[in-house]
Amino acid sequence: MTEKENQRLIKRGSLLRGRFRIEDVLGERGIGVTYLAEDVRCGKRCVVKHLSLLGAKSTQDFSRFEREARILTNLDHPGIPGFVDYFEESTEWDISVYLVQEYIDGKSLEELLQSGRHFTERQAIEIALELIKVLEYLHGFSPPIIHRAIKPSNILLAPDGRVYLTDFAGVRENLLPVEQLDPMAISTYGYMPPEQYAGKAVAASDLYSLGVTLIVLLSHADPVEMAREDQRLDFRPYVNISGRFASVINRMIERDLDKRYRNVQELKRELGDLLVPVSNTRKRLRRRAVVVGALGLGLAASLYLLLHREPPPQPLPDKRPPSVPSQTIPARKPSPQVLPAQEAERPKKSPVLSGKLLHDGLPITKFTANPATFWFRNESTGKEQAAQVRYQEGAFEMFGLPPGRYGVDVRIRTGGVGYTGNFVAWKTFSIVDEEVRQELNIDLHRIIHMTSPQDNSAGLARWDAKCEGKMSFPALVRFAWEPLGEGTTYGYSIERYRCEPFQRIDTVVDGSTLETQLNVDLLSSSKNEMYLLRLSARKGDLLVGRLETYGINGGRGWDYRFRVD
Numbered sequence: 033m034t035e036k037e038n039q040r041l042i043k044r045g046s047l048l049r050g051r052f053r054i055e056d057v058l059g060e061r062g063i064g065v066t067y068l069a070e071d072v073r074c075g076k077r078c079v080v081k082h083l084s085l086l087g088a089k090s091t092q093d094f095s096r097f098e099r100e101a102r103i104l105t106n107l108d109h110p111g112i113p114g115f116v117d118y119f120e121e122s123t124e125w126d127i128s129v130y131l132v133q134e135y136i137d138g139k140s141l142e143e144l145l146q147s148g149r150h151f152t153e154r155q156a157i158e159i160a161l162e163l164i165k166v167l168e169y170l171h172g173f174s175p176p177i178i179h180r181a182i183k184p185s186n187i188l189l190a191p192d193g194r195v196y197l198t199d200f201a202g203v204r205e206n207l208l209p210v211e212q213l214d215p216m217a218i219s220t221y222g223y224m225p226p227e228q229y230a231g232k233a234v235a236a237s238d239l240y241s242l243g244v245t246l247i248v249l250l251s252h253a254d255p256v257e258m259a260r261e262d263q264r265l266d267f268r269p270y271v272n273i274s275g276r277f278a279s280v281i282n283r284m285i286e287r288d289l290d291k292r293y294r295n296v297q298e299l300k301r302e303l304g305d306l307l308v309p310v311s312n313t314r315k316r317l318r319r320r321a322v323v324v325g326a327l328g329l330g331l332a333a334s335l336y337l338l339l340h341r342e343p344p345p346q347p348l349p350d351k352r353p354p355s356v357p358s359q360t361i362p363a364r365k366p367s368p369q370v371l372p373a374q375e376a377e378r379p380k381k382s383p384v385l386s387g388k389l390l391h392d393g394l395p396i397t398k399f400t401a402n403p404a405t406f407w408f409r410n411e412s413t414g415k416e417q418a419a420q421v422r423y424q425e426g427a428f429e430m431f432g433l434p435p436g437r438y439g440v441d442v443r444i445r446t447g448g449v450g451y452t453g454n455f456v457a458w459k460t461f462s463i464v465d466e467e468v469r470q471e472l473n474i475d476l477h478r479i480i481h482m483t484s485p486q487d488n489s490a491g492l493a494r495w496d497a498k499c500e501g502k503m504s505f506p507a508l509v510r511f512a513w514e515p516l517g518e519g520t521t522y523g524y525s526i527e528r529y530r531c532e533p534f535q536r537i538d539t540v541v542d543g544s545t546l547e548t549q550l551n552v553d554l555l556s557s558s559k560n561e562m563y564l565l566r567l568s569a570r571k572g573d574l575l576v577g578r579l580e581t582y583g584i585n586g587g588r589g590w591d592y593r594f595r596v597d
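All you need for the numbering used here is the position in the sequence shown, starting with 1, plus 32.
Think of the hints as simulated: they come from the structure by calculation, not from any bench.
Straight-line C-alpha distance at most 27 Å; calculated DSS-like pairs for lysine-lysine: (1) Lys139 <-> Lys76; (2) Lys459 <-> Lys415; (3) Lys571 <-> Lys398; (4) Lys571 <-> Lys139; (5) Lys139 <-> Lys43; (6) Lys571 <-> Lys459; (7) Lys388 <-> Lys415; (8) Lys459 <-> Lys388; (9) Lys498 <-> Lys559; (10) Lys139 <-> Lys300; (11) Lys232 <-> Lys300; (12) Lys559 <-> Lys502; (13) Lys398 <-> Lys459; (14) Lys165 <-> Lys232; (15) Lys43 <-> Lys76; (16) Lys388 <-> Lys571.
The calculated label-pair distances, taken between Cβ atoms and stated as ranges, are: (17) Asp542 <-> Asn473: 21 to 31 Å; (18) Thr397 <-> Val308: 41 to 51 Å; (19) Leu555 <-> Glu514: 22 to 32 Å; (20) Thr397 <-> Pro434: 25 to 35 Å; (21) Val552 <-> Val468: 46 to 56 Å; (22) Asp597 <-> Leu289: 50 to 60 Å.
Glycine residues also receive a C-beta, built at the ideal position from the N, C-alpha and C atoms.
Given only the sequences and the hints, what does the whole structure look like? Please build it.
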């Protein structure tokens, strides 16, 4: 705020209407200035939004302010901060209006993103489903109430995981003529669907904005700066999520209203299906396929399978595939496609893609001269894709990939069977024209070496055990790991899961630290519960490390699972 604006701020301790005592300034949110206050009648905290004639940017601000108050008086939903009061005060030189709402102890998704918070695919889906409950309520009115301003700054996330939708100044209702609605004054460019630029807002408009919000949540990218394909956001290069989730988001952000989800109920069903655990039948078939493949390839192939399995869907939204209920990662066939420059004859065709491997923003050759292995997956079919790669001194060329969308798993071993210290990466990309060579650099991260409560540099005992067979520790659990250099921030989350069926219960603790240890006092695990630790390392915006664990009998995952006595 400017010095002039600071002079107009309400002083701390001021009592408004003999009821609301100002405690602090929360900042500028939407229209006006927002304050934290105490309702002296009941002793509860509340939020006071204040707009003065002198501080208003235009006369329309007053209309929007009044409209928000009028709408809120008629709303009653647990996902919307409750209405408390609305009043006006006048002096000889100014007019002020005040809107008082329930105080929510939480942060906006925008604030969380700016602080470096990352979300898993599952967390993003759960947030979306909570918001859909609010939209289902709003769209259920006749005529429907259209929010028109869904974006990270208008969504609050409380520490207990509850989600709230705020800022109803831009809602569309039948009492307000279309010509009075300035779309740019209400919404934010990048989150607005095409029809909203023309002043048209329907229920599907909110679903479009929610889709863009999910993309931002998982990518930390500005939608305005994203590339567009056929005038639609081409978000896949910015996130690594399951194909099913990507298809849902694609339909949410369809420019054509006829192709977009028509209502929240349809979207709710499809998002809910994404959280259904993999069936036991599919798990048995997957295990059977792994056993048959191992018997056919013999001992040497078994070792290869152990060291080079398909990457699991990634649990963090930092450009990796999303997490799946099963911790074990399906085995894959050995890939003979890497061509050492000194031994292999150059393929006859020109490369469709070339680039360099990096770590911490530097060429990988600064850290290791070991060879890299590449494995490809067709993102449309979910199956392994045959291709050839020439790799030499940190640079690679890819051959034989037809147009389509692919994921590539890159690994560089720096030690023995123990994975800690190895470099890994998962990257998705598209081939548009196999005659046109594209450039792509791939950032690798290291496997974090955890030293407590178990050492993950070797296969972990009871890694693949059922729920009650997991390693169990006293209530105060100490996690420790080796550092990855100065300036590294370690992000962590500990979640509680139900074993059968595999389902997340809640997040116990999450955050970031510059330290290389974490002491957490946890509740005892019930018979059908366990905890999951996820740990990542970053230097600025660059992912430089992640925790990976694997079992004595094979299989690996991007988390550490345990129980508490």
